[in-house]
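Sequence order for the protein chains is F and E.
Residues in the first sequence are numbered consecutively from 482, following this note's numbering.
Residues in the second sequence are numbered consecutively from 7, following this note's numbering.
Hints may contain errors.
In the BS3-like style, the derived pairs of lysine-lysine whose C-alpha atoms are separated by at most 30 Å in a straight line are [claimed, not checked]:
id: 1; chain 1: F; residue 1: K527; chain 2: E; residue 2: K165
id: 2; chain 1: E; residue 1: K165; chain 2: E; residue 2: K146
id: 3; chain 1: E; residue 1: K146; chain 2: F; residue 2: K523
id: 4; chain 1: F; residue 1: K527; chain 2: E; residue 2: K146
id: 5; chain 1: F; residue 1: K527; chain 2: F; residue 2: K599
id: 6; chain 1: F; residue 1: K523; chain 2: E; residue 2: K165
id: 7; chain 1: F; residue 1: K599; chain 2: E; residue 2: K146
id: 8; chain 1: F; residue 1: K599; chain 2: E; residue 2: K165
id: 9; chain 1: F; residue 1: K599; chain 2: F; residue 2: K523
These are calculated hints, taken from the structure and not from any lab test.
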Amino acid sequence: MAGPAIPRTVRLEPPASWQFLDFGELWAYRELLFFFVWRDVKVRYKQTVLGALWAVIQPVMATVLFTIFFGRLGGMAQQVDGPYALHVFVALLPWTFFSNAVTQAGNSLVGSSHLISKIYFPRLLVPASAVVAGLVDFGISFLVLLAAMAYYGVAPSASMLALPLFLIASILCATGVGVLLAALTVSYRDFRYVVSFLMQLWMFATPIVYPLEIIPASWRALYALNPMVGVVAGFRRAILDIPVPADVLAISGASALVFLVAGVVYFLQVERRFADVI
Amino acid sequence: MAAIIVSNLGKRYTIGVRSPGEGTFRDAVTGLFTAPWRRFRRLAGYDDHIGEFWALRGIDFTVAAGGTVGIIGPNGAGKSTLFKVLSRITPPTEGFVELQGRVSSLLEVGTGFHPELTGRENIYLNGAILGMYRAEIRRKFDNIVAFAELEQFIDTPVKRYSSGMFVRLAFSVAAHLDPEILIVDEVLSVGDLNFRNRCLGRMSDLRGEGRTVLFVSHDLTSIRQLCSRALLLNGGRVVADGDADEVTRRYERMHQDPASIALGGADRVHPPPAYHLTRVELRNEAGAVTRQFEAGQIMEIHLWSSGRAPEDSYGAEFRLHDSEGEVISFGAANPVRSTYYRADQQHFVCRLGPLPLTEGAYTFSFIVGVWNAVRWDHWPRAIGFEIVKCDPFKTGHGISNVHDGDFVIPQDWLAGD
Numbered sequence: 482m483a484g485p486a487i488p489r490t491v492r493l494e495p496p497a498s499w500q501f502l503d504f505g506e507l508w509a510y511r512e513l514l515f516f517f518v519w520r521d522v523k524v525r526y527k528q529t530v531l532g533a534l535w536a537v538i539q540p541v542m543a544t545v546l547f548t549i550f551f552g553r554l555g556g557m558a559q560q561v562d563g564p565y566a567l568h569v570f571v572a573l574l575p576w577t578f579f580s581n582a583v584t585q586a587g588n589s590l591v592g593s594s595h596l597i598s599k600i601y602f603p604r605l606l607v608p609a610s611a612v613v614a615g616l617v618d619f620g621i622s623f624l625v626l627l628a629a630m631a632y633y634g635v636a637p638s639a640s641m642l643a644l645p646l647f648l649i650a651s652i653l654c655a656t657g658v659g660v661l662l663a664a665l666t667v668s669y670r671d672f673r674y675v676v677s678f679l680m681q682l683w684m685f686a687t688p689i690v691y692p693l694e695i696i697p698a699s700w701r702a703l704y705a706l707n708p709m710v711g712v713v714a715g716f717r718r719a720i721l722d723i724p725v726p727a728d729v730l731a732i733s734g735a736s737a738l739v740f741l742v743a744g745v746v747y748f749l750q751v752e753r754r755f756a757d758v759i
Numbered sequence: 007m008a009a010i011i012v013s014n015l016g017k018r019y020t021i022g023v024r025s026p027g028e029g030t031f032r033d034a035v036t037g038l039f040t041a042p043w044r045r046f047r048r049l050a051g052y053d054d055h056i057g058e059f060w061a062l063r064g065i066d067f068t069v070a071a072g073g074t075v076g077i078i079g080p081n082g083a084g085k086s087t088l089f090k091v092l093s094r095i096t097p098p099t100e101g102f103v104e105l106q107g108r109v110s111s112l113l114e115v116g117t118g119f120h121p122e123l124t125g126r127e128n129i130y131l132n133g134a135i136l137g138m139y140r141a142e143i144r145r146k147f148d149n150i151v152a153f154a155e156l157e158q159f160i161d162t163p164v165k166r167y168s169s170g171m172f173v174r175l176a177f178s179v180a181a182h183l184d185p186e187i188l189i190v191d192e193v194l195s196v197g198d199l200n201f202r203n204r205c206l207g208r209m210s211d212l213r214g215e216g217r218t219v220l221f222v223s224h225d226l227t228s229i230r231q232l233c234s235r236a237l238l239l240n241g242g243r244v245v246a247d248g249d250a251d252e253v254t255r256r257y258e259r260m261h262q263d264p265a266s267i268a269l270g271g272a273d274r275v276h277p278p279p280a281y282h283l284t285r286v287e288l289r290n291e292a293g294a295v296t297r298q299f300e301a302g303q304i305m306e307i308h309l310w311s312s313g314r315a316p317e318d319s320y321g322a323e324f325r326l327h328d329s330e331g332e333v334i335s336f337g338a339a340n341p342v343r344s345t346y347y348r349a350d351q352q353h354f355v356c357r358l359g360p361l362p363l364t365e366g367a368y369t370f371s372f373i374v375g376v377w378n379a380v381r382w383d384h385w386p387r388a389i390g391f392e393i394v395k396c397d398p399f400k401t402g403h404g405i406s407n408v409h410d411g412d413f414v415i416p417q418d419w420l421a422g423d
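From just these sequences and the hints, can you work out the full model?
Below is the structure:
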């Protein structure tokens, strides 16, 4: 089914060996992206009793647990300036978004197999909509953050204006990884199990329960290849005014872009087989 | 001007044991290590059961703008593959298709509906999936609701709809598409007669407006009513192309020809790429392959699979459907008789009976896999058979499944105290 504003003549041919992203087509299908997001959000809040509260409980509970186990018992609280709980919560904000978005996106294609085997639309919309839908939860948790800042007496500063930049970086990164995992899960069904494990490992490779500074300076460049390092450090910088070395941000930013491009490129190469193997 | 040009179109599926590197990640990793060994085997002339199957081959036809063409053919002729290629779901393997203008496909009604959402929400969602703009849906919204006759229920979640209401709403959304080319696949097999007629009416309206309609169907009467031209597919090729009356008559003759009625076993037509069942035969006590049995007889189901199963200790199961498609019975190798098969087993036999069934038509579906763990293959509606005689009480009057149910339970009638 050719969507709106697609060139009048569509020629269907055997797939070329390399597929490129068709921006015009994606743009033509932007309303469908909107509807997928709208459906995901609506269904989630209809189906779960706790609804929007879930977006609050998840990071708050994690913060409480981490504060007790890592902050108190693990002695991490001495390593940071200011309240450890706030420190963790600020990091969990982008992390929870990232981790949920990647998990949802990873399962999204298999979950939409009934659509994919029956109707045409750019397949990229499915994992992309899962990522975008996660932003709603992010928005809700952000309100909690504002409340927590008020509680701890942390005044927002001008550096908060940089926040959207780091949010965009986490969206790019989540899209890249999510899209990659979605495509892999279609081909290899057991990849689902890999995803939850991967997310756990990834969380500890990201400065959430500990500050960035405990990583030796000589290792930081390598460490920053994890794009979420830059994102989390960026969030702390924007909200708590904790300085971040510029090279960490630059490396993480570049790495996020690489993840995005790699994910999308892989996705496009295998996209046309989906209907045959799903 | 041609609305659809199909040139030398072919679609190939790979059958047999799938090449390692597909399936599960575990397979991919092990496949990596066994690759040199497999290459060696292939060079040495071993066949690893990797086969190819052309669902469509050498298809050529052109449909003029405003034309209405029916596509008919027996199951497995390639109708649905053609449909999938034309609606861009799967790419062709060779040849090309050119579509002029906006294309909409109507498949199973309700594709993309979400049960938790209300009728109103589903109209927007489904409309967008079918390719409508939001503004367009908003404009047509009242008409869609009126056409479906669901004004009262429009804010009720569709999970509470009856199946009739669901179909009406789904078709109504689809009927309000404005495509230059509409491809319809068997949507009319559901819904009541009244609604069906309205659907046909809507399709003939579209034809009147000069839209191009491709109509894939088993229903020859509707094809004759709606289409001026028909294509008959068989074995992935176009075997007849011409006047709809003539081609549908030819199809009927093909069906009546005793040689072409399936009396023997059944072969898998669109197998999945991985390990799968390939053939089934039903045999009577004398060992003859047949599709006709009498109540009280023993039936032997013979199943064959393609090559080596992914693992040892697995089983097969069947489901028996009545003429309306309802599952009426079940049987499985593992739990019932603790029969398990080894990976290299390629032929399974189930002895069944005495058959307690009443007169009428029945169908088997089959599954191979590990009980309660994995299904490697599901072969729905694999083979049909007929119970031609059921007279357990020797009355001279047969018991048929039209009025008296599908089973006769062994019974004794005695006089009470």
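We went through each hint and held it up to the structure:
A C-alpha spacing of about 13 Å is found between K527 of chain F and K165 of chain E, which places the hinted pair at or below 30 Å, so the restraint holds. Proximity of K165 of chain E to K146 of chain E is assessed by CA-CA distance (about 23 Å); at most 30 Å being required, the pair is judged to hold. The suggested pairing of K146 of chain E with K523 of chain F holds, with an alpha-carbon distance near 23 Å, which does not exceed 30 Å. Proximity of K527 of chain F to K146 of chain E is assessed by CA-CA distance (about 27 Å); at most 30 Å being required, the pair is judged to hold.
As the CA atoms of K527 of chain F and K599 of chain F are separated by approximately 26 Å, the hinted pair is consistent with the 30 Å bound. For the suggested pair K523 of chain F and K165 of chain E, the alpha carbons sit about 15 Å apart, so the restraint of at most 30 Å is met. For the hint linking K599 of chain F to K146 of chain E, the alpha-carbon distance of about 24 Å falls within 30 Å, and the restraint holds. Note on K599 of chain F and K165 of chain E: the hinted pairing holds, with a Cα-Cα distance of about 21 Å set against a maximum of 30 Å.
Our distance criterion of 30 Å between C-alpha atoms is met by K599 of chain F and K523 of chain F, whose separation comes to about 23 Å.
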